[in-house]
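Asks: Chains A and B, in that order, are what the protein sequence lines are. Just so we're aligned: the first sequence equals residues 1 to 265 in our numbering. Just so we're aligned: the second sequence equals residues 1001 to 1358 in our numbering.
Hint data in this document are derived by calculation from the structure and do not stem from the laboratory. Hints may be right or wrong, so weigh each one.
Claimed, not checked - Below are the SDA-like pairs computed for lysine to any residue, each with C-alpha atoms no more than 25 Å apart in a straight line: (1) B/LYS1109 x A/GLU158; (2) A/LYS92 x B/TYR1015; (3) B/LYS1334 x B/GLY1313; (4) B/LYS1076 x A/LYS92; (5) B/LYS1010 x B/ASP1204; (6) B/LYS1109 x A/LYS92; (7) B/LYS1109 x A/SER86; (8) B/LYS1076 x A/SER86; (9) B/LYS1109 x A/PRO178; (10) B/LYS1076 x A/SER167.
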Amino acid sequence: MRYAKAVYATLIVIFLVAPLLVILPLAFTSSAFLTYPIPRFSMRWFNELATNQTWNRSILNSAIIASSTTVLATVLGTLAALGLRSQDLRLKSQIRTLFLLPMVVPAVVLGVGMQAVFVPLGINSTYFSVIVAHSVIAMPFVVISVSGALAGVDRRVERAAESLGASPWRVFRLVTLPLAMPGVLSGAALAFATSLDEVVLTLFVAGPNQRTLARQMFSTLKENISPAIASAAFVIIVGTVVIAAALLLARMTPARRKGRVPKTT
Amino acid sequence: MAESFIRFDKVTKDYGTVRVVEDLDLDIARGEFVSLLGPSGSGKTTLLMMLAGFETVTKGAIILDGQRLNGVPTYKRDMGVVFQNYALFPHMNIARNVAFPLEMRGTAKSDIAARVKRALDMVQLGHLSDRMPGQLSGGQQQRVALARSLVFEPRVVLMDEPLGALDKQLREQMQLDIRELHHRLGLTIIFVTHDQDEALTMSDRIAVFDKGQIQQCATPRQVYDHPANRFVAEFIGETNLLPGKVTGVDGSKIALTMPDGSVLRADGATGLAVGDAALLSLRPERIDLHGPNDAPAGLNSLRGEVADTIYQGDHLRIVVTTPAGRIIARVPRKAAEWPNGASVALGFRPADGWIIAP
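Next comes chain A alone, as it looks inside the complex (with noise of 0.2 Å):
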């Protein structure tokens, strides 16, 4: 039975993996095409991504973007959850339902509906309504990342806090949110992850200058296939590596400083 399950734990990881393993070698490439046999290793691609206006311009597009919509989508996502945390809140999962409808919704659909918004407004094709239909796709992620760490903050702790004379606003910022940090870095790391990789809605709200790493992976596709594809995903890669990594670093961090916390003001 417990070869059983290694055997199958195995087959899924390999499962889930391949892909990757597939595709990051062909990085390495000195060919001109994205296929097997590698002929030699060489960072040719990679050279590629740095020096061509397109592709720099692409990076610097997605880490613009991605950023903006970390930013913004944790904070409306995590002030959502808060809300949806109170008590005497009516309809709370009807509303809950609604803050994860974009995760259901197709990105089809979702963004030929922004760019009928966005178009009459002026605003559509700029760095604006890229940053904000990622955001809408992005928040349901710290919605649920978020209120599944409020869920473990213990009520009576804040209610300790209030009785010892700490106003709201200074219980949410001492207590509350310390305790329910690392939900909201894992919010923020999923939703950088979601804008790095969004496609859909880009093609429909992004004009030529907001082209995103993702969308021009995509288009390199239909043209030619050239191995910068697989040189861009292994930046991709790395990039979410090294966040995740850096979230989870900062998670750690305060538990191995003792005691320290926030400033008081």
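Given chain A, work out where chain B should sit, using these hints.
Replies: Quick look at chain B alone, frame taken from chain A:
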């Protein structure tokens, strides 16, 4: 009683259609230790939560030191609250936990360090100030919570079953510690518990709660010896309740005729009149056992038959069947033992019984 420091004036609390506290009056003096004792759902915790400001008052008023508290937010009430689950801040070390209320009040940094140290020394935890709450035992955590609730010298300290999560020995130790702190610091403490021993050990007065109302509020002695009604008699300690009929009233002295025609005399609650049905409340430890014909004169005596003897270590519990009902007596180990089926006489002084309305 001294002038009222905390006054509950006709306080009512409804949750939807459920009335949890009804038209409740209670006055508490400065420096008093009052326990709110009752079964769960009796409204005692709700009353405490209203005093702390966590719950609103549906009707009536709560007045602290002349100030009406309705509408005053919790953080401006200046009360220390100790919760059953300690409610320490898990992300702050012990010193920061205790410093929290002082920081909220803008106390000077140098002052904070000294007061935190004093508060932690007071609960004998000065050496643990760098630890995180999770690294402490339950008893230690509760002592930290106590220090945190006292360090800012609050006007009132509220305790919501603070010892409920501790094991028996630790609980008894903490009871004495809190009692000692109360005497030494002159604190006004309101203490919610469902443990009658705890209430008897610590309180100046006990308010016995049932169904959202105070059944009796009096000193531990009065509540135990002279319960106001059947609920209090049964809830506090163990008692034998024997039904009878009042056949004579002389001030607080009442004569109760039992179903078998025997007459027992005891003190009783006011308001009983000749002809009323009543209950004799007889504490097991107030009963002496004698041979069937050896009952001393001047005592009430009930004849019966020993049904069972239960060994309890420091005492014996003897179950006696009498015409008035089954009676449990608690006698010291040194007393004579009786075999099952032996005829005995149960004796008790009139001052050791208490007659109440049924």
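Asks: So, for every hint listed, does it hold in this structure?
Replies: A quick look at each hint next to the structure:
1. Among the hinted pairs, B/LYS1109 with A/GLU158 is consistent with the structure: their alpha-carbon atoms are about 24 Å apart, no more than 25 Å.
2. Pair hint A/LYS92 plus B/TYR1015 holds up; C-alpha atoms about 20 Å apart against a cutoff of 25 Å.
3. For the proposed pair B/LYS1334 and B/GLY1313, the alpha carbon gap of about 12 Å is at most 25 Å, so the pair holds.
4. For the suggested pair B/LYS1076 and A/LYS92, the alpha carbons sit about 30 Å apart, so the restraint of at most 25 Å is broken.
5. Among the hinted pairs, B/LYS1010 with B/ASP1204 is consistent with the structure: their alpha-carbon atoms are about 23 Å apart, no more than 25 Å.
6. With a CA separation close to 43 Å, the supplied pair B/LYS1109 and A/LYS92 exceeds the 25 Å bound.
7. Note on B/LYS1109 and A/SER86: the hinted pairing is violated, with a Cα-Cα distance of about 35 Å set against a maximum of 25 Å.
8. A threshold of 25 Å between alpha carbons decides the hint, and for B/LYS1076 with A/SER86 the separation of about 22 Å falls inside it, so the pair holds.
9. The hinted pair formed by B/LYS1109 and A/PRO178 meets the criterion: a straight-line CA distance of about 22 Å does not exceed 25 Å.
10. With a CA separation close to 8 Å, the supplied pair B/LYS1076 and A/SER167 stays within the 25 Å bound.
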